[in-house]
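Whenever a hint applies, use it, and build me the whole structure from the sequences.
Residue numbers (the working numbering), protein chains in the order written: chain Y, 1 to 268; chain U, 1 to 146; chain G, 1 to 346.
Since the hints were made in silico from the structure, they are not lab data.
Backbone N, C-alpha and C define an ideal beta-carbon position, used for all residues, glycine too.
Among the hints, a few may not be true.
[Unchecked claim] Only pairs whose alpha carbons sit at most 16 Å apart, straight line, appear in this in silico EDC-like list of lysine to aspartate or glutamate:
id: 1; chain 1: G; residue 1: K168; chain 2: G; residue 2: E179
id: 2; chain 1: U; residue 1: K64; chain 2: G; residue 2: D235
id: 3; chain 1: U; residue 1: K64; chain 2: G; residue 2: E327
id: 4; chain 1: U; residue 1: K48; chain 2: Y; residue 2: D94
id: 5; chain 1: G; residue 1: K285; chain 2: G; residue 2: D235
id: 6; chain 1: G; residue 1: K292; chain 2: G; residue 2: E306
id: 7; chain 1: Y; residue 1: K27; chain 2: G; residue 2: D57
id: 8; chain 1: Y; residue 1: K99; chain 2: Y; residue 2: E37
id: 9; chain 1: U; residue 1: K93; chain 2: U; residue 2: E108
id: 10; chain 1: Y; residue 1: K261; chain 2: U; residue 2: E94
id: 11; chain 1: Y; residue 1: K92; chain 2: G; residue 2: D57
id: 12; chain 1: U; residue 1: K68; chain 2: G; residue 2: E67
id: 13; chain 1: G; residue 1: K60; chain 2: Y; residue 2: E26
id: 14; chain 1: Y; residue 1: K215; chain 2: Y; residue 2: E175
id: 15; chain 1: U; residue 1: K64; chain 2: G; residue 2: E67
id: 16; chain 1: U; residue 1: K54; chain 2: Y; residue 2: E59
id: 17; chain 1: U; residue 1: K68; chain 2: G; residue 2: E100
id: 18; chain 1: Y; residue 1: K200; chain 2: U; residue 2: D138
id: 19; chain 1: G; residue 1: K196; chain 2: G; residue 2: D260
[To be verified] Here are some chain G residues the structure puts well away from chain Y; computed CB gaps all over 10 Å:
id: 20; residue: S4
id: 21; residue: Y53
id: 22; residue: L64
id: 23; residue: A65
id: 24; residue: D82
id: 25; residue: S88
id: 26; residue: I152
id: 27; residue: H166
id: 28; residue: F200
id: 29; residue: K201
id: 30; residue: P215
id: 31; residue: L270
id: 32; residue: V305
id: 33; residue: N328
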Amino acid sequence: MTTPVIRSSLVLSRIPIVTPDVPAFEKAFYQYQEQLERRLMWTFPKWYYFKKGTVAEREFSKAQKYPIPNHRNVWFPKGVPDLKHGRDRRFKQDIILPKKNNDVEVSTTTDDGGESAASELQNLDDIGRPIKANSRITIFDEKNDQTSLERKLPRTLYLLIKNNNNNEWTFPSFEVSNDQINKGLHNIAEEGLRNIGGDKINTWTVSNTPAALIKHNNGINEFLIKSHIIAGKFNPTNKNEYKWLTKEEIQDIVSDEYYSKINHLLSQ
Amino acid sequence: MYTSRAAIRVVSHVKPTQQVRYKRDKTGLNPQLERIVSQLSVMSAGRKQPRLLKLCNEDYVKHKTVMKAWSHYRKAKIQENEKLLQKQYESMKEAVSELQNLSPELFEIANEHQYGKRFPLELRVPTEYPPRQIWFYDYFPKQEAK
Amino acid sequence: MSSSVSRGIWSNFTNRSKSLAIKSAKLQKAVLSPDLPNGPVSLKALSSKRKYYSPIDLDKIYPLAYEILEKKSEKIYSKIEDLKKKGSENVEEINDLLVEAEINNPEVVYNSLYAANTIDLTQPVYRHYAKKQWESYNKMITMQRLETLSIIPDTLPTLEPEVDVHMKFPHNNVDTWVEPGSILSSNVTSKPPIFKITEFKESKNDLYTILIVNPDTPDVENNSYTTTLHWALKDVELSNNDSIIDIQKLDSNPQYSIVDYLPPTPEKNLGKQRFAVWIFRQDGKLNEETSKVENINNFQIREFVENNKLQAVGAHAWRSVWDLNVENVRKEYGLPAGRIFSRDSF
Numbered sequence: 001m002t003t004p005v006i007r008s009s010l011v012l013s014r015i016p017i018v019t020p021d022v023p024a025f026e027k028a029f030y031q032y033q034e035q036l037e038r039r040l041m042w043t044f045p046k047w048y049y050f051k052k053g054t055v056a057e058r059e060f061s062k063a064q065k066y067p068i069p070n071h072r073n074v075w076f077p078k079g080v081p082d083l084k085h086g087r088d089r090r091f092k093q094d095i096i097l098p099k100k101n102n103d104v105e106v107s108t109t110t111d112d113g114g115e116s117a118a119s120e121l122q123n124l125d126d127i128g129r130p131i132k133a134n135s136r137i138t139i140f141d142e143k144n145d146q147t148s149l150e151r152k153l154p155r156t157l158y159l160l161i162k163n164n165n166n167n168e169w170t171f172p173s174f175e176v177s178n179d180q181i182n183k184g185l186h187n188i189a190e191e192g193l194r195n196i197g198g199d200k201i202n203t204w205t206v207s208n209t210p211a212a213l214i215k216h217n218n219g220i221n222e223f224l225i226k227s228h229i230i231a232g233k234f235n236p237t238n239k240n241e242y243k244w245l246t247k248e249e250i251q252d253i254v255s256d257e258y259y260s261k262i263n264h265l266l267s268q
Numbered sequence: 001m002y003t004s005r006a007a008i009r010v011v012s013h014v015k016p017t018q019q020v021r022y023k024r025d026k027t028g029l030n031p032q033l034e035r036i037v038s039q040l041s042v043m044s045a046g047r048k049q050p051r052l053l054k055l056c057n058e059d060y061v062k063h064k065t066v067m068k069a070w071s072h073y074r075k076a077k078i079q080e081n082e083k084l085l086q087k088q089y090e091s092m093k094e095a096v097s098e099l100q101n102l103s104p105e106l107f108e109i110a111n112e113h114q115y116g117k118r119f120p121l122e123l124r125v126p127t128e129y130p131p132r133q134i135w136f137y138d139y140f141p142k143q144e145a146k
Numbered sequence: 001m002s003s004s005v006s007r008g009i010w011s012n013f014t015n016r017s018k019s020l021a022i023k024s025a026k027l028q029k030a031v032l033s034p035d036l037p038n039g040p041v042s043l044k045a046l047s048s049k050r051k052y053y054s055p056i057d058l059d060k061i062y063p064l065a066y067e068i069l070e071k072k073s074e075k076i077y078s079k080i081e082d083l084k085k086k087g088s089e090n091v092e093e094i095n096d097l098l099v100e101a102e103i104n105n106p107e108v109v110y111n112s113l114y115a116a117n118t119i120d121l122t123q124p125v126y127r128h129y130a131k132k133q134w135e136s137y138n139k140m141i142t143m144q145r146l147e148t149l150s151i152i153p154d155t156l157p158t159l160e161p162e163v164d165v166h167m168k169f170p171h172n173n174v175d176t177w178v179e180p181g182s183i184l185s186s187n188v189t190s191k192p193p194i195f196k197i198t199e200f201k202e203s204k205n206d207l208y209t210i211l212i213v214n215p216d217t218p219d220v221e222n223n224s225y226t227t228t229l230h231w232a233l234k235d236v237e238l239s240n241n242d243s244i245i246d247i248q249k250l251d252s253n254p255q256y257s258i259v260d261y262l263p264p265t266p267e268k269n270l271g272k273q274r275f276a277v278w279i280f281r282q283d284g285k286l287n288e289e290t291s292k293v294e295n296i297n298n299f300q301i302r303e304f305v306e307n308n309k310l311q312a313v314g315a316h317a318w319r320s321v322w323d324l325n326v327e328n329v330r331k332e333y334g335l336p337a338g339r340i341f342s343r344d345s346f
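Here's what the structure looks like:
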């Protein structure tokens with residue numbers, strides 16, 4: 001009687017670095033709801049936040065755009081203004097904060113990546129530098145470098161390596177020999193990863209328990225262990241090809257049979 | 001709604017802790033009372049509420065359509081998620097029961113309770129924009145550092 | 001911006017009824033555009049049209065929302081196609097799917113909200129909306145009046161209402177439906193009422209029996225009351241799009257009548273009299289023998305219902321009291337002079 005072959009594979013993922021992209025419908029809905037909420041909002045109680053006669057109050061009042069008040073000799077075809085506390089109660093109230101001297105417009109544009117690294121470095125020392133959000137799209141996205149960990153920031157990436165024997169892309173998979181059995185599946189997978197990818201990698205195994213089982217036709221039972229990469233880099237020692245891919249990219253690259261068995265483990 | 005008179009009634013018996021000579025202003029309230037009145041007025045709806053939002057029939061139907069579409073969208077998303085979780089649970093269960101048949105030893109280790117298991121501190125919560133250094137590459141295992 | 005948001009199944013009327021669209025072209029354009037190209041068409045006054053502001057950003061979200069719901073509807077329609085191809089005989093299942101496919105169509109929603117009187121009840125989705133509307137008010141008020149006036153159980157034991165019964169009298173062209181239980185003058189009730197019976201299931205040529213009974217006729221000899229039959233109709237043919245019983249219909253179908261209309265002529269000093277209208281759905285045509293009524297003054301309604309195997313599906317009621325006009329009504333119908341009741345006569 002031959003003992004069945006057991007393999008332990010590692011589903012190594014890089015969790016998202018930035019929040020997920022908001023779909024167009026959700027974005028439009030949130031915008032609509034925000035506008036409704038602003039329309040139904042109570043008038044901003046200026047007198048509570050700004051003491052009468054102070055500089056702050058004067059600056060705030062100066063920054064506001066006051067609507068046109070009602071006047072008995074004026075005809076308002078689009079409805080008579082209904083002002084209370086400086087707000088036309090028919091509409092939302094726009095509260096404009098007065099600009100301070102050291103205030104600079106916060107730029108959240110993501111497409112502006114043209115600034116050179118040198119000038120950015122210079123700026124870093126300046127405390128009063130304008131706040132500028134980093135781009136959600138990195139240079140690795142533009143180069144489509146699939147071996148980089150710094151791509152597809154809003155998505156979860158998974159490590160896939162190319163099997164040298166049959167040129168198929170799979171998760172890194174390691175055989176469980178009889179003398180290793182006392183280590184457990186998760187340790188075998190983690191150690192195997194360090195054998196092929198160097199030990200300068202920090203991972204966190206979610207659980208000792210396998211997440212799924214793939215039964216291959218040739219009698220191999222492949223158990224999948226989930227793990228997250230936290231720091232470091234997968235650096236293949238034997239020039240193995242590897243890629244960090246999202247769910248859709250995995251679907252394109254692996255065989256359909258393999259994908260049907262792992263697709264529920266991958267996050268969108 | 002709180003009126004200024006009600007506020008006076010509330011606080012009339014409260015004696016100020018410090019004797020200060022106040023100048024009476026136009027409203028006839030001293031600054032202490034005035035502050036209380038303005039604080040209470042923040043919580044009251046008086047003169048701060050907007051006009052009622054009245055939609056014409058067409059816009060009301062459109063609004064209803066939007067809300068219906070949103071509820072369908074959310075429902076589909078939640079159901080999809082639940083289905084996925086169910087699938088993940090089943091695949092886990094299948095894997096573990098199969099492991100028990102194949103190798104009881106590995107099964108034992110897989111089911112050991114992991115005392116003190118925590119999320120590592122280094123795991124990052126996703127933010128709206130990436131940090132300046134997106135990934136930390138220069139990692140060394142602890143044993144080597146010794 | 002003013003192009004139509006609909007590009008799919010909801011603007012395709014090859015297999016769908018035209019009644020699922022809004023009739024007025026201007027209104028339809030307003031509902032199917034992201035914004036309001038001609039302003040708020042439904043507002044009548046020019047000043048309120050000018051004053052109107054749409055909610056901000058509704059024009060951006062609405063086309064997306066419409067698309068989501070339309071795609072869902074398309075899926076349901078293809079499901080219906082599959083069922084029909086399989087030769088499914090389950091009409092109810094298909095009707096439920098048809099409701100589900102159209103229930104969120106803005107045009108349908110508009111029609112059932114603002115054109116409830118002219119909706120096409122042959123469409124399952126409109127019947128669904130009409131039923132919801134009925135259950136939210138008319139059904140409850142009818143049952144409440146029947147119970148508080150003790151029409152249940154004085155005439156029939158109970159009622160499981162299935163149809164919406166509207167009733168009015170052809171009196172001075174007052175075109176309002178009578179609220180159940182209201183007190184009407186004898187002048188109003190001197191001509192037979194007009195009924196509108198709304199079915200919420202698919203109905204093609206169903207037959208109905210209608211009885212109007214007064215359970216408060218005094219029976220001095222026995223110191224009690226008897227039930228008088230005021231009107232009886234049988235085999236009245238109705239369907240979803242033809243639900244009104246009026247004089248025209250009765251004139252062209254004299255076979256409907258079992259007992260001709262006897263107007264309420266309450267006796268003086270007898271208080272308010274209840275007039276219960278009962279609507280029954282028939283399994284088939286009524287038997288000539290069993291449906292005959294010999295004595296309308298001592299009418300046994302429970303017996304009649306049992307003998308004819310009738311199923312009560314709806315009811316209505318009004319009350320009458322003696323007034324100055326009773327004498328005229330008696331003269332008009334050639335009825336004997338009324339009696340005057342007083343405490344001394346007992």
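Right, here's what the structure says about each hint:
no.	hint	result
1	K168/G <-> E179/G	9 Å, holds
2	K64/U <-> D235/G	43 Å, violated
3	K64/U <-> E327/G	56 Å, violated
4	K48/U <-> D94/Y	14 Å, holds
5	K285/G <-> D235/G	6 Å, holds
6	K292/G <-> E306/G	13 Å, holds
7	K27/Y <-> D57/G	11 Å, holds
8	K99/Y <-> E37/Y	25 Å, violated
9	K93/U <-> E108/U	15 Å, holds
10	K261/Y <-> E94/U	12 Å, holds
11	K92/Y <-> D57/G	13 Å, holds
12	K68/U <-> E67/G	12 Å, holds
13	K60/G <-> E26/Y	11 Å, holds
14	K215/Y <-> E175/Y	14 Å, holds
15	K64/U <-> E67/G	14 Å, holds
16	K54/U <-> E59/Y	35 Å, violated
17	K68/U <-> E100/G	13 Å, holds
18	K200/Y <-> D138/U	8 Å, holds
19	K196/G <-> D260/G	19 Å, violated
20	S4	18 Å, holds
21	Y53	7 Å, violated
22	L64	5 Å, violated
23	A65	8 Å, violated
24	D82	25 Å, holds
25	S88	32 Å, holds
26	I152	46 Å, holds
27	H166	38 Å, holds
28	F200	34 Å, holds
29	K201	37 Å, holds
30	P215	54 Å, holds
31	L270	58 Å, holds
32	V305	55 Å, holds
33	N328	56 Å, holds
Figure legend: structure checked against the earlier numbered hints; hints not met, in rising order: 2, 3, 8, 16, 19, 21, 22, 23.
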